[in-house]
Amino acid sequence: MGRESHPKTQSPTRARRVASMAFLAGLAALLSALLAAALRRRKWVEASTYPHFTMIGQSLGSVYLAWEALSKFTPQFYFDTSGYAFTYPLARLFGCKVICYTHYPTISSDMVERVKQRSSMYNNNSRIAGSIWLSRCKILYYSAFSWFYGLVGSCTHLVMVNSSWTRSHIENIWRIPERTRRVYPPCDTSALQMLPLERPTTPPILISVAQFRPEKAHGLQLEAFAIALDKLGPGFPKPKLQFAGSCRNKEDLERLQKLKDRSTELHIDELVEFHKDISYRDLVQLLGGAVAGLHSMTDEHFGISVVEYMAAGAIPIAHKSAGPMMDIVLDEDSHQTGFLASEKEEYAEAIVKVLRMPEAERQEMAAVARKRAQRFSEQRFHEDFTDAVRPILTSTRS
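First residue of the sequence shown: -15, per the working numbering; consecutive thereafter.
Hints were generated in silico from the structure; no laboratory data involved. Computed from a prediction, not measured in an experiment: that's the story for all the values here. Backbone N, C-alpha and C define an ideal beta-carbon position, used for all residues, glycine too. Among the clues, some could well be false.
Claimed, not checked - In silico DSS-like pairs for lysine-lysine, Cα to Cα no more than 25 Å straight-line: (1) Lys224 <-> Lys260; (2) Lys56 <-> Lys27; (3) Lys234 <-> Lys222; (4) Lys234 <-> Lys27; (5) Lys222 <-> Lys242; (6) Lys304 <-> Lys328; (7) Lys224 <-> Lys304; (8) Lys215 <-> Lys56; (9) Lys304 <-> Lys234.
Said to hold, decoys possible - What follows is a set of in silico ranges between Cβ atoms, one per label pair, in the way DEER data are often shown: (10) Glu30 <-> Ile116: 31 to 41 Å; (11) Thr33 <-> Phe57: 17 to 27 Å; (12) Trp131 <-> Thr186: 54 to 64 Å; (13) Ile116 <-> Glu345: 44 to 54 Å; (14) Gly203 <-> Gln177: 28 to 38 Å; (15) Glu238 <-> Arg26: 40 to 50 Å; (16) Cys121 <-> Ser55: 33 to 43 Å; (17) Gln241 <-> Phe57: 40 to 50 Å; (18) Trp117 <-> Ser230: 35 to 45 Å; (19) Arg374 <-> Ser138: 52 to 62 Å; (20) Ile123 <-> Glu52: 26 to 36 Å; (21) Ala21 <-> Asp214: 54 to 64 Å; (22) Ser138 <-> Glu345: 42 to 52 Å; (23) Thr186 <-> Ile116: 31 to 41 Å.
Whenever a hint applies, use it, and build me the whole structure from the sequences.
Below you can see the structure in the form of structure tokens.
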């Protein structure tokens, strides 16, 4: 059936790590003590354990891992921030109240639709997309998995989701809207908020911050940048495009090299920089010099990098879908905070608009975007999280 990418158990993104740590910090403020139990069955939730049927393998493996955890210590409240929905019925059998913070649905209608359309993407390889029979088999697999996912997800007493897009899909599959709350993840942008809005224009700099993973669509950004250069013409100061990200494995390193090769093929290699595994201090410095930030992942559940662009004063040019479209790049006080695009031509047009924008107008938009970024602060997360969990934590055990 091919190997799917299980969005819940991949190497965690920065957004997931920060949200999970803040989630536990919120618990520490409400609970008097925390106990830790070492688990030895972690391998059963790792994607590498399941070359095929990865989603169902990891989901069943999570039940095995949860059994070990609950056998060692049975809590009154079972909190999940890793997306192990198949463990919820087990936790209830142990007498726990189940609370979860869901970053991304394990399966969504969008995933099923891409298989139906036979679109080749990171979670639907070209071999399956090119075969009618394999595509039909995968649709049946996804449909069955989606039904079970809805069944186990409905066992939660409280669901917190990180965006409007995630809430829409979770409510559609789990069908418990009365127990579902949207709680934006915490974005610590205090250092970025301090950066001056003035930017060097010789040359103007664009930045892209993301791991070098296939779903981040860095290639589209290169193509758009090349088109934008043609539109700007020879008389305009040549901008630079800076990529900043990390590599998880050999595949990511190979992907990074292909991007470098592609920039050479497009004859823009002298205008493109790649910064791998840089420190946060260096990242802040790069963001402080950028006039705009690029984001091109389809259906990014939230989009913490887009918030970082806005906080840093770099105008966001983000994908017209999911978190960036529904929650982040929205008007603030009736003023535009950035641009949304889906095709490379749209990205190129947005890049040209930002680069040709008068400096006063650019700074005005950057200031409005920075103000909107404050909606996703750690303080806001703490308040919303506390409001969501306090009723269930203080209620009598049912």
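Falls inside 40 to 50 Å, the C-beta gap from Gln241 to Phe57? Since the Cβ atoms of Gln241 and Phe57 sit about 46 Å apart, the hinted range of 40 to 50 Å holds.
Taking 33 to 43 Å as the hint, is the beta-carbon distance of Cys121 and Ser55 inside that range? Taking Cβ atoms as reference, Cys121 and Ser55 lie about 36 Å apart, which means the hint holds.
In this structure, is the beta-carbon distance linking Thr33 and Phe57 contained in 17 to 27 Å? Since the Cβ atoms of Thr33 and Phe57 sit about 24 Å apart, the hinted range of 17 to 27 Å holds.
Hint says 54 to 64 Å; check whether the CB-CB distance for Ala21 and Asp214 agrees. holds (59 Å)
Within 44 to 54 Å or not, the Cβ separation of Ile116 and Glu345? holds (51 Å)
Note whether the CB distance of Thr186 and Ile116 lies within 31 to 41 Å or breaks it. The hint (31 to 41 Å, Cβ to Cβ) is violated, given that Thr186 and Ile116 are roughly 55 Å apart.
Tell me if the beta carbons of Gly203 and Gln177 are separated by a distance inside 28 to 38 Å. holds (32 Å)
Do the Cβ positions of Arg374 and Ser138 conform to the proposed distance bound of 52 to 62 Å? For Ser138 against Arg374, whose Cβ atoms are near 23 Å apart, the range 52 to 62 Å is violated.
25 Å limit on alpha-carbon distance, applied to hinted pair Lys234 and Lys27: holds (20 Å)
Is 31 to 41 Å a correct range for the gap between the Cβ atoms of Glu30 and Ile116? holds (32 Å)
Lys222 and Lys242 were given as a pair; does the straight-line alpha-carbon distance stay at or below 25 Å? The given pair, whose Cα atoms are some 23 Å apart, holds under the 25 Å limit.
Check the hint pairing Lys234 with Lys222 against an upper bound of 25 Å on the C-alpha distance. violated (33 Å)
The structure fails to meet hints 3, 8, 9, 15, 19, 23 from the earlier list, while all remaining hints are met.
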